[in-house]
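Chemist: The opening residue of the sequence shown carries number 1 in the UniProt record's numbering; numbering runs sequentially from there.
Don't read these hints as lab results, they were simulated from the structure.
Any given hint might turn out to be false.
[As the list claims (entries may be wrong)] Derived CB-CB ranges, DEER-like:
| no. | residue 1 | residue 2 | range |
| --- | --- | --- | --- |
| 1 | Arg91 | Arg41 | 16 to 22 Å |
| 2 | Phe77 | Val6 | 18 to 24 Å |
| 3 | Asp37 | Met17 | 17 to 23 Å |
| 4 | Lys10 | Asn43 | 16 to 22 Å |
| 5 | Thr54 | Glu80 | 26 to 32 Å |
| 6 | Gly62 | Glu83 | 31 to 37 Å |
| 7 | Lys2 | Gly70 | 19 to 25 Å |
[As the list claims (entries may be wrong)] Below are the DSS-like pairs computed for lysine-lysine, each with C-alpha atoms no more than 30 Å apart in a straight line:
| no. | residue 1 | residue 2 |
| --- | --- | --- |
| 8 | Lys4 | Lys61 |
| 9 | Lys3 | Lys58 |
| 10 | Lys28 | Lys61 |
| 11 | Lys10 | Lys28 |
| 12 | Lys2 | Lys61 |
| 13 | Lys4 | Lys18 |
| 14 | Lys58 | Lys2 |
| 15 | Lys3 | Lys28 |
| 16 | Lys30 | Lys20 |
| 17 | Lys20 | Lys4 |
| 18 | Lys30 | Lys4 |
| 19 | Lys18 | Lys61 |
| 20 | Lys2 | Lys30 |
| 21 | Lys92 | Lys4 |
| 22 | Lys20 | Lys10 |
| 23 | Lys20 | Lys2 |
| 24 | Lys5 | Lys92 |
| 25 | Lys18 | Lys30 |
| 26 | Lys20 | Lys61 |
| 27 | Lys3 | Lys20 |
| 28 | Lys61 | Lys30 |
| 29 | Lys58 | Lys30 |
| 30 | Lys2 | Lys28 |
| 31 | Lys18 | Lys5 |
| 32 | Lys92 | Lys28 |
| 33 | Lys5 | Lys20 |
Here the structure is a predicted model, which is why all the values come from computation and not from measurement.
We put the beta carbon where it would ideally sit given N, CA and C, even for glycine.
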Amino acid sequence: MKKKKVPLRKCVVTNEMKPKQEMVRVVKDKEDSITIDPSGRQNGRGAYISLDPTILDKARKGRALDRSLGITLSEEFYDELSEHINYQYARKQIQ
């Protein structure tokens, strides 16, 4: 039986290649609105970050997502992203 190819993506903070399922995608669309893309299929410029709260703290301090997407992100968005990452991280730990 043939093994399935696992899609890899690079984290904008750590520059590590990880499977797509272990990361969250943040998307900037044509209207410069920023959203979290849990499906990984929305149109627009995407940046991936690992599902780890410590890596999110590094991204917030170093403004890695801001540089990658070319826009200044608000603290409210980082708080929303933090809630999403903490929830997904906890789900991953249970499995």
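Chemist: Indicate, hint by hint, whether the structure satisfies it.
Modeler: Here is how each hint holds up against the structure:
Separated by about 20 Å at the C-beta atoms, Arg91 and Arg41 satisfy the suggested range of 16 to 22 Å. The hinted window of 18 to 24 Å between Phe77 and Val6 is violated, with their beta carbons roughly 29 Å apart. Asp37 and Met17 have their C-beta atoms about 19 Å apart, which keeps the hinted 17 to 23 Å range intact. The hinted range of 16 to 22 Å is satisfied by Lys10 and Asn43, whose Cβ atoms lie roughly 20 Å apart.
At roughly 18 Å, the beta-carbon separation of Thr54 and Glu80 lies outside the given 26 to 32 Å, and the hint is violated. Between Gly62 and Glu83 the C-beta distance comes to about 20 Å, which lies outside the given range of 31 to 37 Å. Roughly 40 Å separates the CB atoms of Lys2 and Gly70, a value that falls outside the hinted 19 to 25 Å. Only pairs whose Cα atoms come within 30 Å are accepted, and Lys4 paired with Lys61 is rejected, the gap being roughly 37 Å.
Proximity of Lys3 to Lys58 is assessed by CA-CA distance (about 35 Å); at most 30 Å being required, the pair is judged violated. A hinted pair counts as satisfied when its Cα atoms are at most 30 Å apart, and Lys28 with Lys61 qualifies at roughly 20 Å. At most 30 Å may separate the alpha-carbon atoms for a hinted pair to count; Lys10 and Lys28 meet this at roughly 17 Å. Taking the CA atoms of Lys2 and Lys61, the gap is near 43 Å; set against the 30 Å cutoff, the hint is violated.
Proximity of Lys4 to Lys18 is assessed by CA-CA distance (about 15 Å); at most 30 Å being required, the pair is judged to hold. Taking the CA atoms of Lys58 and Lys2, the gap is about 39 Å. The hint is violated against a cut of 30 Å. Using a Cα cut-off of 30 Å, the hinted pair Lys3 and Lys28 is violated, with the two alpha carbons roughly 33 Å apart. Proposed proximity of Lys30 and Lys20 is supported: the alpha carbons are some 23 Å apart, at most 30 Å.
For the given pair, Lys20 sits about 14 Å from Lys4 by alpha-carbon distance, which is consistent with the 30 Å threshold. Between Lys30 and Lys4 the CA atoms are separated by roughly 33 Å; this puts the pair beyond 30 Å, and the hint is violated. For the suggested pair Lys18 and Lys61, the alpha carbons sit about 22 Å apart, so the restraint of at most 30 Å is met. At roughly 39 Å between alpha-carbon atoms, Lys2 and Lys30 are farther apart than 30 Å, so this suggested pair is violated.
This hinted pair checks out: Lys92 and Lys4 have alpha carbons roughly 21 Å apart, not beyond 30 Å. A distance of roughly 9 Å separates the Cα atoms of Lys20 and Lys10; the hinted pair therefore holds under the 30 Å criterion. For a cut-off of 30 Å, the pair hint linking Lys20 to Lys2 stands: about 20 Å separates their Cα positions. Using a Cα cut-off of 30 Å, the hinted pair Lys5 and Lys92 holds, with the two alpha carbons roughly 21 Å apart.
Note on Lys18 and Lys30: the hinted pairing holds, with a Cα-Cα distance of about 27 Å set against a maximum of 30 Å. Of the supplied pair hints, the one linking Lys20 and Lys61 holds, its CA atoms being roughly 24 Å apart against a limit of 30 Å. Taken as a hint, the Lys3 and Lys20 pair is honoured in the structure, with Cα atoms around 17 Å apart against an allowance of 30 Å. With a C-alpha separation of about 26 Å, the suggested pair Lys61 and Lys30 falls inside the 30 Å cut-off, and the hint holds.
Between Lys58 and Lys30 the alpha-carbon distance is near 27 Å, which keeps this suggested pair within the 30 Å criterion. Among the hinted pairs, Lys2 with Lys28 is inconsistent with the structure: their alpha-carbon atoms are about 36 Å apart, more than 30 Å. With a CA separation close to 13 Å, the supplied pair Lys18 and Lys5 stays within the 30 Å bound. Under the criterion of a C-alpha separation no larger than 30 Å, the hint pairing Lys92 with Lys28 is consistent with the structure, at around 26 Å.
This hinted pair checks out: Lys5 and Lys20 have alpha carbons roughly 11 Å apart, not beyond 30 Å.
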